[in-house]
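Participant: For chain D, the structure is supplied; the task is to place chain B on it using the hints.
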Amino acid sequence: MNGTNSNNDVVRCLQADRSRAEDAVKQVDDEMLDAAIMKGLELGRAKGHPRRRWHIPMWVAAAAVCLLFVLVFSIRISPVFANALRDIPGLSAFVKLIEHDPGLSSALSEDYVQPLGITQENNDIRLTVEGIIVDEQRLVVLYSAENVIENKEVPLRTIQFTDEKGKELRGIISYNTPPEYSEDESVKSRKEDVIDIRLIQPDLLPNKVKLKATAGEASFEVELPIDHSRFKGLSREVSIGKTIEVDGQQITFVRAKLSPLQIRLEMKYGAGNTKKISGFIDMAIEDENGMRWRMDTVFGSKGDQSTEYLFQSSYFHRPKKLAIISEGIYMTKRGERLVIDLDSEQIVQAPDSRIALQKVVDKGNYKQLFFTLSDLDDVDIQRGYWLTNDVFTDGEGASHGLYEAAKYDPGITLSLGSRQQTVQIPVPSGELPQPLSFILDDYPGYIRHPFRIDLPVE
Amino acid sequence: MEILTDAARLAALAAKGDEGAFVTLVTMEKKRMLRIAVSYLRSESDALEAIQETVCRAWLKRRDLKQPKFFATWLIRILINVCTDELRNRKKRTVVDDVNRYGGKGQEQQWHDLAGAAAISLDMSHAVDQLSDHYRNVIILKYYEDMTITAIAELLNKPDGTIRTWLHKALKQLHSFMRRTEEVPVVNERNELE
Chain D
1 MNGTNSNNDV VRCLQADRSR AEDAVKQVDD EMLDAAIMKG LELGRAKGHP
51 RRRWHIPMWV AAAAVCLLFV LVFSIRISPV FANALRDIPG LSAFVKLIEH
101 DPGLSSALSE DYVQPLGITQ ENNDIRLTVE GIIVDEQRLV VLYSAENVIE
151 NKEVPLRTIQ FTDEKGKELR GIISYNTPPE YSEDESVKSR KEDVIDIRLI
201 QPDLLPNKVK LKATAGEASF EVELPIDHSR FKGLSREVSI GKTIEVDGQQ
251 ITFVRAKLSP LQIRLEMKYG AGNTKKISGF IDMAIEDENG MRWRMDTVFG
301 SKGDQSTEYL FQSSYFHRPK KLAIISEGIY MTKRGERLVI DLDSEQIVQA
351 PDSRIALQKV VDKGNYKQLF FTLSDLDDVD IQRGYWLTND VFTDGEGASH
401 GLYEAAKYDP GITLSLGSRQ QTVQIPVPSG ELPQPLSFIL DDYPGYIRHP
451 FRIDLPVE
Chain B
1 MEILTDAARL AALAAKGDEG AFVTLVTMEK KRMLRIAVSY LRSESDALEA
51 IQETVCRAWL KRRDLKQPKF FATWLIRILI NVCTDELRNR KKRTVVDDVN
101 RYGGKGQEQQ WHDLAGAAAI SLDMSHAVDQ LSDHYRNVII LKYYEDMTIT
151 AIAELLNKPD GTIRTWLHKA LKQLHSFMRR TEEVPVVNER NELE
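Sequences listed follow chains D and B, in order.
Residue 338 in the UniProt record's numbering sits at position 338 of the first sequence; the count goes up by one each step and never skips.
Residue 136 in the UniProt record's numbering sits at position 136 of the second sequence; the count goes up by one each step and never skips.
Note that these hints are calculated values from the structure, not bench results.
Remember, predicted model here, so these are calculated numbers, not experimental data.
No residue lacks a Cβ here, since even glycine has one placed at the ideal position from N, Cα and C.
A portion of the hints provided could be inaccurate.
Some but not every residue of chain D turned toward chain B, in silico, with C-beta under 8 angstroms [unchecked claim]:
| id | residue |
| --- | --- |
| 1 | 7 |
| 2 | 10 |
| 3 | 14 |
| 4 | 28 |
| 5 | 40 |
| 6 | 379 |
For reference, chain D alone in the conformation it holds in the complex (with noise of 0.2 angstroms):
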């Protein structure tokens, strides 16, 4: 056989090959072609701006989902701090990383940092452990990771915190974006990057912490030592006590707990209240300058009787006076369902119109529900809705949990110049007696209130 025949048979396969590729490609409408493009948008978006990735754990309730939509809001630090940082090696890198919280940034530029260096390598990659910012409850690791035959930045992955018996660490992990996504030729060649956890109450940092991550084919096991002598003694309790009322809805200020590296404000909401409270409208803490740090984490618990807020620390500013501010308050009505009938791909029952059955889509082991809710105005468009959480009943009253392998997943996108948000809900599969019926606990509704609470500082 000579070689123009050969080729000939493999191009008549390649040919064959091609037509069941061409098949699959009319298997993808328009529609989700076009979600697809969007939702890359969305992420670009997301990536471009100083905004960190979350690691939720499964036990963190529902309210932390909405961190993904709490905007970080960047108070620069001065320029002079942060040229005189950019002089010492390996810690100039970490001031752009970190700038996007002041709170933070101040702590570096007062040199409440515990360097380490610590390096180990294996499969070809380095990870040195530049130093730890740190105080009770929260954990910022600055290292830096690198291929050293490729010379190539390699980010941590699969991070895990645990004590020194092995005992993982509970709290919310964020890492920064991967250097390759940044606009900023400077960040795209480096190799440092930042860990940051932050434990949930009454949690504290053990004297030895154990990093575990994976970089690439590598996986790295590091113990950082915690100089507790550092902050020991920094952190103060203060009881707030004031219960405001909204809307017949009430919200006790319990107690905020100022550290070095954040503060942590516990509200309490009333037992008969009617609503659920879901957030606060761009809620900071403001100093008598004027100067805002704003909440940035946010720890809900089961019975959303009681939530945690946390914010960015305003220790380093020694302030004179602090209030707590916000303009209103997010919040939905308890009891209200969503009712929907898969078989006619209909809502039955809901709040009102801005919510629609978008489509319903077949993954095999779960069904995907695409809702769109529309006609949001602009305080509405601040965070995203997840509508449902946990369980829903089906046409004759069983009830079922949602599809848990999909239920993590980033299921809100917001669609770009409208004001609109996609909510994905994911239900088993199976044949379930229609209609299905939702509980909606985040649903879109807030009340204008200007609220300001004195935070006693003395």
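Facilitator: For chain B alone, coordinates are given in the frame of chain D:
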């Protein structure tokens, strides 16, 4: 002075961060992106994910777009990188079962229904998968996307001659792959081709 076409004008706007212009341009290329992604990844859902990732990367790198008139080329280049990354990642994962592999994620779609003539296609797509990145690129662009040598050369930023060489070598490799698998008599049709 260069007169900008509509697309080039849009691309210039997109590079500056105009989301509307960016989306318009990407949408113009969406069918082509889908065809290419499916040719590489053999799964609709993976292809959609690749497109999503491509749009994300393109948005983040929009300022790197030096010549607006090449927006489409630039976008497809990103897509090819995304698909290649995904194929590499797949290889790293332990693949035990070829059927699953072509079935994409879960049981979403089984367009490689393993019966009769379909097997030839399966073998072929497997063979294309095994090619090195350069070879796979030229095969897909030429035989799945009907691009000319010149267009491929422009897209991959290589001289025409290099593309021709790659194409020749890729076909040769595919052929030897076919001969190797012949020893396993699963596909009658291929024997006829001999």
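Participant: Output the numbers, in ascending order, of every earlier hint that fails for this structure.
Facilitator: Of the numbered hints, just 6 does not hold.
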